[in-house]
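Participant: One letter stands for each residue in the lines below.
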Amino acid sequence: MKFTHTIKAAALVGIAGTVALMSGCAMSQSGDLNGMKGGGHEYLLTVTRPNQLHVIDTETNKIVRSCDVPGTFGQGTVEPSPDGRIAYVGTNKWEDVVGFDITNCDIVFSAKQSYDNVTVKSFVSLAVSRDGKELYTVQNPTRKLNDRYEVMEPQLAVYDTSAGLNAKPIRTFPVDRQITKIMAMDTGEVILAGNDVQAINPENGDIRILTLLQNWKRGDSWTQPDAFAMHTLGEQADEFILPYFTIKWNGDPGDMEKAEFWWGMSRVDLKTGEVEQGEILPFEFIVFNFITDPTDSNILYGAFNTLSKHDIREKKTLAVHNMEHTYYDLNMTQNRTIYVGGTSSDISIHDPDTLEKIGSIKLPGDQSTSAMRIAFLK
Amino acid sequence: MNNNKSKYALLNASALALVGTMLTPGATWAMGGEAVVKEKCLACHTQTGNPDKPYSRISEQRKTPEGWQMTLQRMEHLNGLHLTSEEKQTLIKYLSDTQGLAPSETAKYRYALEQKPNIVEDVDPAYVEMCARCHSNARFGLQRRTEDEWKELVTTHMAVHPTLELHALSRDRRWYDIALNETAPKLAMDYAFNDAAWAKWEKAAKPVLNGSWSVSGFMPEKGDYSAVLTTAQTSKDNYSVTMVGHYADGSELSGTGSAKVFSGFEWRAGLTLDGVRVRQVLAASEDGSMMTGRMYQSAHDEVGGELKAVNGTGIVALTPSAIKQGQQTKITIKGGYLKGAVKLGKGVQVVKVLSRDADRVVVLAKASGSASVGMRDVSVGSTKAKAQLAVYDKVAAVQVSPMHGLARIGGNGGKLPKVKSTFRAIAFAAGPDGKPGTDDDLNLGYMPANWSLKPQNEVAAEDKDLEFAGTIDSKGIFTPGDTGLNPKRRMSANNVGMLTVVATVKEGGKAVEGEADLLVAVPSYIKRAIQ
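Chains as they are written, first to last, in the working numbering: chain S, 1 to 378; chain B, 1 to 531.
Don't take each hint at face value.
Unchecked claim - Under 7 angstroms between C-beta atoms, here's a sample of chain S residues computed to sit facing chain B:
| no. | residue |
| --- | --- |
| 1 | 208 |
| 2 | 222 |
| 3 | 226 |
| 4 | 288 |
To be verified - Within a straight-line C-alpha distance of at most 20 angstroms, the following computed SDA-like cross-link-like pairs (lysine to any residue) qualify:
| no. | chain 1 | residue 1 | chain 2 | residue 2 |
| --- | --- | --- | --- | --- |
| 5 | S | 144 | B | 46 |
| 6 | B | 151 | S | 247 |
| 7 | S | 144 | B | 154 |
Bear in mind the hints are in silico, worked out from the structure with no lab data behind them. None of the values given here were measured: they were computed from a predicted structure. Yeah, the Cβ is synthetic: ideal placement off N, Cα and C, and Gly gets one too.
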């Protein structure tokens with residue numbers, strides 16, 4: 001089975017795939033990284049259509065390995081384990097989670113969330129505890145009855161990552177609707193990005209507010225923030241980052257002439273759970289995602305039709321680079337190389353200071369909405 | 001399997017099936033509608049035991065024939081329903097006859113049934129973001145449900161489109177709570193299942209639409225036409241149809257086909273007109289004296305125009321419908337079997353009758369230089385019509401119709417053809433106050449114009465939309481650009497664009513201009529019976 005997958009992958013990725021084929025033939029052993037570098041070496045993880053996980057070496061910017069993901073392409077969510085060895089992928093139209101050993105494409109974890117007449121969807125929500133022992137999803141179940149549907153309550157599902165290929169939740173706790181991206185913190189809690197930003201204790205289901213968004217009371221002079229939590233980001237700076245858009249009415253509410261348009265963000269330190277929230281930049285163009293410079297928390301980079309660099313203390317845009325096409329997502333290595341991806345079948349590589357394009361990685365399929373995460377392989 | 005492709009193919013095939021389903025002539029009705037409901041629908045739905053609403057869910061909804069068609073398609077697509085073509089026809093007919101909408105209930109939203117492009121809706125703020133950010137107002141405005149059923153519809157949305165509560169304009173509010181507890185109850189008030197209009201219409205005697213109809217209409221490329229539509233009932237609510245007439249340029253028009261009537265007034269006909277398949281979506285008036293709606297090409301529903309049919313002899317419209325003081329011009333009086341002397345009103349002389357056909361009379365008319373500005377009644381023999389011809393001094397303003405056009409890129413080897421957009425210029429005289437743009441302006445009807453395009457705004461200019469988005473011809477027909485990435489454009493964008501359409505009418509050496517917005521959009525990949 002593994003062999004078949006690897007051959008298919010090789011056919012798709014051409015020369016890069018040949019490497020994968022050779023690697024795949026070698027029997028891997030526990031602790032053996034199968035030719036890959038450990039010690040925190042950074043590998044970029046992303047998913048392309050029809051449904052493949054790609055492992056990219058950030059030193060060579062080549063695909064090391066492509067793993068066939070079972071099921072129909074979902075949203076392309078990827079969550080690396082803390083040791084960088086396992087990539088958990090959301091698949092099958094938001095329903096299943098599959099964990100791959102990125103050194104050999106072996107599937108080491110699988111959870112099918114739907115059951116009987118209940119369809120369970122998890123929208124982007126996929127997180128792993130900081131010790132790697134537990135995996136979390138937010139489940140949105142609906143039940144199909146004979147002539148109607150039933151909308152069931154969402155819940156946090158906790159899985160044991162060692163549960164193997166037929167994993168079932170070991171604990172569940174009720175949560176709010178509309179939760180998308182989630183992330184685990186050193187406090188043991190899991191951040192839930194929904195109407196507000198909450199933290200849930202996955203041991204007992206206790207929920208506390210980290211910061212308010214929909215329920216943020218700032219009076220009539222501000223519109224409720226609109227946070228687009230579609231891509232999980234932040235491992236490069238050990239943070240959870242959620243941008244939002246808002247309007248400040250300097251005149252009457254709705255008076256666009258006097259209004260100010262702002263980007264804001266909620267940013268959570270994964271070590272402490274501390275939150276920064278507020279406006280960071282005047283809205284001048286659309287940014288789909290922001291990331292923080294791992295060496296300077298005051299500097300953010302944003303991607304969409306442009307790659308941009310911002311000083312958030314000064315609320316200033318430092319540089320803007322027009323992209324060749326629209327990209328949704330971006331990430332950055334510890335040496336500050338910027339990777340811009342999503343939408344199409346290439347990852348664009350950029351210099352962090354000039355933002356000039358310095359390279360490109362051709363992918364065998366479209367990334368669409370897929371995540372682009374960094375695994376620090378130990 | 002590529003899921004998106006299969007979905008597209010399925011829905012597109014279903015949409016085509018709709019046309020076929022409703023128009024298959026001479027269908028036999030092996031089973032009654034109620035029997036099909038019992039045999040097919042009760043596999044999942046249940047009998048409630050309540051004679052007022054005997055079948056779970058089904059009995060608490062009323063829809064147009066297209067609405068029921070979409071319901072059946074959804075049952076096939078999502079729930080494994082298998083229907084023969086005959087069963088489907090039987091069900092649509094039965095359900096829209098017994099649980100349809102009254103004429104008055106459809107009046108506001110007929111454009112959706114008619115597949116009329118370029119409609120900008122005025123939507124209740126309560127629905128703008130909750131419903132109309134995905135759907136036309138017509139989509140839900142052409143349904144009637146009990147409150148429980150509107151709530152079930154919300155639930156279905158949550159199950160079938162689970163990401164909808166995360167969309168822009170959903171994720172900033174508690175969408176599900178609002179939909180269930182605020183929107184559904186309001187829908188149940190505004191679009192109530194129990195409505196006096198339907199109760200009355202259900203009991204009313206329905207018109208038989210047999211006979212000869214005097215027809216006036218418009219088709220892009222061809223222009224205004226007149227025709228006699230002859231209908232003969234072949235069985236209850238089924239008709240054979242013949243349409244013979246002329247375009248305004250004198251060329252002939254002829255076609256035959258069949259029609260079916262749903263809910264007692266919803267006329268759906270398919271004809272082959274001059275070798276092209278066309279479809280008529282008309283509403284018969286409650287007394288059966290008139291039918292109005294739209295006729296369009298089956299394969300290109302944007303290529304079509306209004307159609308008005310008056311039962312028997314009648315003057316339906318004039319082309320052109322205005323004459324300038326002192327001008328001599330050819331005027332076509334559109335109407336069936338018009339006999340006798342032509343009178344065009346005070347100050348307008350019929351110089352000569354140029355031709356008489358079953359569907360029209362063409363005359364050479366001359367307005368005196370001193371003829372008063374205003375509307376004239378027109379008569380041919382004993383057939384009269386009020387306010388048909390405008391006498392005017394000069395064109396003071398031009399309005400482009402539609403004000404907001406929509407075209408879609410296509411072709412280029414892709415699966416979807418280009419969707420064109422047709423514009424017409426409507427001219428106005430200033431009226432007694434001498435100022436155009438006021439209530440007393442005199443509508444002079446459609447007039448020939450010179451057509452041109454310009455970028456709609458700074459972004460459109462910067463992106464060179466004028467160069468890429470498409471072209472407009474001398475008849476006001478806009479043809480959009482090819483679909484797909486265009487390496488010549490910034491970021492290899494496709495050929496979408498925002499343009500302004502300009503119609504110029506020459507008036508005494510001066511140019512009078514009118515403008516309309518045109519959005520050149522991406523292809524629409526899913527074709528629905530009601531968008």
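Participant: For every hint, state whether the structure bears it out.
Facilitator: For each hint, the structure was consulted:
{"no.": "1", "hint": "208", "result": "violated, 20 angstroms"}
{"no.": "2", "hint": "222", "result": "violated, 12 angstroms"}
{"no.": "3", "hint": "226", "result": "holds, 5 angstroms"}
{"no.": "4", "hint": "288", "result": "violated, 12 angstroms"}
{"no.": "5", "hint": "S/144 <-> B/46", "result": "holds, 15 angstroms"}
{"no.": "6", "hint": "B/151 <-> S/247", "result": "violated, 33 angstroms"}
{"no.": "7", "hint": "S/144 <-> B/154", "result": "holds, 14 angstroms"}
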